[in-house]
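**Q** Line by line, the protein sequences are chains A and B. Start counting the first sequence at 883; every next residue gets the next number (my numbering). Start counting the second sequence at 883; every next residue gets the next number (my numbering).
A portion of the hints provided could be inaccurate.
What the hints assert, rightly or not - List of simulated lysine to aspartate or glutamate pairs, DMTMM-like, C-alpha gap at most 20 Å:
(1) A:LYS1044 <-> B:GLU894
(2) A:LYS1044 <-> B:GLU1105
(3) B:LYS1044 <-> A:GLU1105
Claimed, not checked - For each label pair, taking beta carbons as the anchor points, the in silico distance ranges come out as:
(4) B:ARG1128 <-> A:PRO976: 43 to 53 Å
(5) B:ALA1072 <-> A:ARG950: 51 to 61 Å
(6) A:GLY912 <-> B:PRO1077: 20 to 30 Å
(7) A:ARG960 <-> B:ASP947: 49 to 59 Å
(8) A:HIS893 <-> B:ARG990: 40 to 50 Å
In short, the hints are calculated from the structure, not lab data. The beta-carbon is built from N, C-alpha and C at its ideal position, and this holds for glycine as well.
Protein chains: 2
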Amino acid sequence: MNPAALGARHHEIRHLRALLRDANERRTEGRIVLEGPRLVTDALRRGVALEVVYFDIDAKDVILDVAREAMARGIVARECRPGVLSQAGTTRAPQPLVAIAPAPPIGRMEMLAVAGLGVGPVLVAADVGDPGNLGTLVRSAEAAGAAAVVCCGETVDVRNPKVVRASAGALFGIPIVEAVDAVEVLDALATLGRPSWGAVAHGGDEYTSVDLTRPGALVVGNEAHGLAAEVAARLERTVTVPMAGRGESLNVAVAASVMLFEAARQRSRL
Amino acid sequence: MNPAALGARHHEIRHLRALLRDANERRTEGRIVLEGPRLVTDALRRGVALEVVYFDIDAKDVILDVAREAMARGIVARECRPGVLSQAGTTRAPQPLVAIAPAPPIGRMEMLAVAGLGVGPVLVAADVGDPGNLGTLVRSAEAAGAAAVVCCGETVDVRNPKVVRASAGALFGIPIVEAVDAVEVLDALATLGRPSWGAVAHGGDEYTSVDLTRPGALVVGNEAHGLAAEVAARLERTVTVPMAGRGESLNVAVAASVMLFEAARQRSRL
């Protein structure tokens, strides 16, 4: 074993652990952690300037290949003692390779006014609590050609490692905005000529009958409680995916994805 | 405190813990566990004959209301000492109320031949590894009017508590089939007049250009490795959701949901 391999108490591993567990640390430093070879490979493919890659000294060859690819791009790769990374990590399955990356540029609302936004809807996540759901929303938003993702209200930290993982790299591929107050977000979007459409489980207009090619913003709420009353009051309309069976609702990321891809389908018909 | 409240070593709590953690136990007994008041409420609403409800003696009134509703339907509700349920449970947020339910009738392939299936596609999950993804697939399948869900290959146990949770009750609302070999499943479906369409991230026919109103089966594969080669060899065609941006793929549950709801949209146009 390389005697220089990092142990659990090495300051870099402590730092890694802090970034994984402490939202303030991530925010202050402007860094996020990518856990696992797939996420790191995807970031390399996207050209993300990783700061450092850590790998388990006992990792399999396919893992070491990812570390080598990073090194070939001039990225520092550091060996860690067996088990150090899996202990530091937040994933159920231990990951033998992780990377620290600069957080994607996460803007304020003003960014939407100056950014050359795409033609798809802006996705507004108001009080989305589950990190897997938020990450999946970002992943689908990029793939469906949404213009941006706005995180507001009680929405989970977009730099959370579980969000990063579920986004599968899409955090680096679509403008992300953070804002405090959902109502202010909807007002700002209206000023930009984007009325808000709220995704609701029941009683909204059928999503296939709405003209989703118009500039607009799709607003999704909390998994348990839906859209807050003050948000609902600012909507141009509500939109629903009609459901067969006796289910109460769809998963929030699924509902938004179905609507965003319907918007893409409608645009492709123009 | 009620001195009769169950402690962590009570045989019923041990049994509950076994059902939550041991796939063989769930399979042998034909029982599953519903964790949390939302899931239990949903099952009551669907008329599921819960066997027993356990609640934390210190739970809030809204939780106790669920236990009372169960009791009003003749279901046994048992008090547990503070923290006993959260220690036994598998959820990140501790759940003050759980229930044991009979597993939904999980059939073999023969069931599909005799069951009066709905008009939507059969969803085939071949090697879906993440329980949250499988549960979300079942939830979407019910809501999109899919005819059934077939779990085969290395797909995670459909009775897994995380599957149950992500399905949000839909396990009780759509025929579920378990089979070992995915190729045999596809052959059996073909015999039933249902050709298989494989969901692939790239290179398939655009999902909106395929006639999804025909009887068929939508096949999704593993999150990391996609469809196995022997499965791919049995497909009538592959189908793709076109993606903007630089992402490699969609979340498997999102991709299948987008396709299943497109099938529903096409059927509604007939």
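**Q** Go through the numbered hints given earlier and state which of them the structure violates, listing their numbers in rising order.
**A** 1, 4, 5, 6 and 8
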